[in-house]
Amino acid sequence: MKKNKLGEFQELVLMSVVILQENAYGNEIERYLEKCLQERQSMGAIQTALKRMEEKGYLTSKWGEVTQKRGGKRKRIYTATPMGVKVLRDMRDLRTQMWSAMPDMAIGGEW
Amino acid sequence: MVNVKNDLPPRWPIWLLRKFLRPQYVEEIEGDLEERFVDDTERYSLNKAKRQFIWQSLKLMRPALIRMIGGTQNLNNIGMFKNNFKTILRIIGREKMYTAINVIGLTAGISVALLMLSYVHFELSYESSNPKSDRMTRITIDYMDGSSLIDQDAESYHLLGPMMKAEFPEVEEFTRAYRMSEAVLKVDESSFRAARVFAVDHSFLSLFSYSLMQGNEKTALTNPNEMILTESAAQRYFGTTDIVGKTIWTSVTNSELKVVGVTTDSPANSHLKFDILFSYSTMKQKLEERESPWNSNDTFTYVLLTEADKYDTFSASIDKLSKRLEAEEKIENERVIGQKMQDIHLYSHKSYEAEAGGNATIVYFLFLVALLVIIIAIVNYINLATAKSMDRAKEVGIRKVIGSTNNQLKVRFFIESLVINGMASSFSLITIYLLLPGFKAMAGLPKDFTLFDKGLFWLVFSGAIVISTLVGGSFPAFILSSFKPVAVLKGKFAHSSGGILLRKSLVVFQFSIAIFLLIQTFTSSKQLEYMQAKDLGLNSEQVVVVHAPPTRSEMVNFKLFRDELLNNSSFKSVALSTTVPGQPTSMMGSTTGINLINAVEEHNFNFFIYFTDDRYIPAMQLELLAGQNFGKGVYEQDVIVNEEAIKLWGFTDPSEAINQKINFWGDDRTIIGVLKNFHQTGVKEGYIPMIFRYGNFGDYVSIRTGAGDIISQLSQIESLYNEHFDSPFEFFFLDQKFDEHFKSDQQFQTVFSALSIFALLITCLGLLGLSSYTVAKRKKEIGVRKVLGASVSQVIALISKDFLWLIGIATLIALPITYYIVGNWLNSYSYRIDISFWLFAGPAIVVFLVALTTISSRTLSISKMNPVNSLRDE
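Chains as they are written, first to last, in my numbering: chain A, 1 to 111; chain B, 1001 to 1874.
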């Protein structure tokens, strides 16, 4: 577990990549996260997360299409590697495990 | 959609990205950025989209995305970095003296410069705590004689404010501050004296941006007989700030005033500081009792303009108003002038200022000197580094052969510079921390002044590191990286004549500055000595000045008090007056338009009015040039004037003026005496024309004491005072009041001496480095010369010659510039020393001697050495 550590923000980006599939490139990920988090994200943060995860081998990328909006520059489409997906699962399992260990009062309606 | 040109994002961030981002990321990120920009233009305004674009691009500068300096072969680079650091640390460890000289020099330079800059910043920060200050203008009055300016008054007529608000659309609000002479306050059973008391309009609080800690801001100071106190005044008088609703008796109104609020203390960098504010309407009646509101201009008036750039329009409006008032015969020989509030502290030297101002020239001068000191320190670094270049040539050669690029070598030397500067900066933080309390006292900065909580300080601090690293590192970097490796390794490396010339000119530059600073220091200390030694025209020693009780009812006892004092043989004389020498002119009244009854030509000079009793002139030991003191006869119609006054009326001989009559506000007054000029306001300001009138009242009791124990004399005075008066006893020594006038000069002098000594020390430190390097290089030559019979002094002369020659050139360059600057500086004094040969020769000789000592200290040990040792090497 320790080896496959993922920051919270990186986890969100990675999930977005999986969700967006063929459309997973920088700006689209930002739009998606903005919708989910109700907050604009800086490109620097997203790009750093993408690059770091690619280095770790959780992501691969390939060149995508060109649009006029982008001034003739290609998109880079990211895809999660099996290892990336496994890390996501591990994270989820860890969380589920910990939630189930929580005393009842903590997740009761009163809170 | 086709982009119109305007809708394009700014270009420079893209340039920056291409430059700094890893090349493999550029296309993708640039595309994302542009796409986002197009989205943003639909979402926000174009400008905001552009701002977003810039902001987002800057936020992309992250370690994960930017390329490493010098290329993309990260692995290799990290290795090089490590290697660089290792060798740099080795050099630092090996060449201890070289490192010490550099670090000490830079530490001193950075600390001194930052301390000076903090002083400069404080002086320039006046009024900055008031966000409205850029829109605030003070209304002042110029006294004219025809078209020539006689005097400038910081105060103005109390009707002007309301008039301007009613008539000028660019005036949003006005406020007035009427300065009370000091007030005695009675709180419960104890009484206090408050020095800074003003009656102000309700608008004062909002215009000067003060907020109330207690009380209602909306209504405070709207009604008569209300007052607010500053936090520290409240603490002083009541021991608490919870005092709204309490009452205080004041001597100014002779009645009880209600406390309606407590405000924060005046900031140290505000020109109008106060302890207590009365509501303006409290004094309104007194002000309106006067025959005509146009007789006295004694109120500070400030107007708030609707916008800061309305100042020119406003000036034009005042100009028109001023002409109209003159046409309506409300004012005569005067003009109304607006003055930006932000200019008051440094640029305004009018009479009746609320507080003595600073001096812009000195502030900028010190700023310049601070920069020079830090430049001298950086120059040391450059000089030593380039001198060392020959030693380093081999290292450079080998690195080049191994495959270092020029850029990598440059980076290497910049890192070296960064390490040295980093060390120096850390030390300078400690130095500044240690020196700050002393510096504050020396420069007259407020006690609670701190540096370390100011963002600006850290900005300048990091700026200083970056700039000195870049500037200091660039010379060695460019010179050293340009060496040809093959030539160097073959040993064919010759002295680079460019480097030597650079070094020589930098030494000349450093010494020019040091000589200039030393001459300026020398001159200003001589000038200060001269002023302090100058005959005041009165005997200020052994005079105790006691504040007279402020109310008429208390003054009934004055005669008794005086007689009982004089019964004691310790007290020679006791006199009463409205002011005493050494006090600022604001303690006196002044008036224009007083002329001789039979004057051929009427003039509009500004005279200062002095009320004294008949004992004052002998008590102060003033000299009468002609005529007599106030004596028997009708005091009311007699005046005594000083030399300066009769000069204005055209008399050359004092006796001519005796029995002449002057028109004093419509009444005839006879001149019965002419006093020899004496310094009323301090030596710096020169003499002012004064008219003495008789009055058996006043704010000050001057008591001349005889020899004896001053402590017991004071306690005798105090017990008599407390016996006869209710007001608190307060006193000062007259000679100390005079010394206070030199405070700012003394501060300048101390700060400047410290600066120039630092500059000289840093320069000599550099010289020490250079000369010891030279000596080390010429060790063998010295050995040979000694074997051939050269004496120690011949060897020292040989080495020193080159350097002294440079200092000679520096002197020649510094002298004319210094002559000009020092001459100008002296011109700002009414009484000044003459520029003499020794004023310049003295400091120059000092510099020569110090330099010679520095050089010989290193040369001596080597020239004394047995030549066998130096020749046996190798």
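Treat the hints with care, since some could be wrong.
[What the hints assert, rightly or not] Partner residues are not named here, just some residues of chain B that face chain A (Cβ under 10 Å, in silico):
(1) Pro1009
(2) Tyr1025
(3) Gly1031
(4) Leu1033
(5) Glu1182
No wet-lab data here; the hints were simulated from the structure. Where a beta carbon is used, it is the ideal one built from N, C-alpha and C, also for glycine.
Evaluation of the provided hints:
| no. | hint | verdict |
| --- | --- | --- |
| 1 | Pro1009 | 9 Å, holds |
| 2 | Tyr1025 | 7 Å, holds |
| 3 | Gly1031 | 3 Å, holds |
| 4 | Leu1033 | 7 Å, holds |
| 5 | Glu1182 | 60 Å, violated |
Violated hint for the displayed structure: number 5, the only one.
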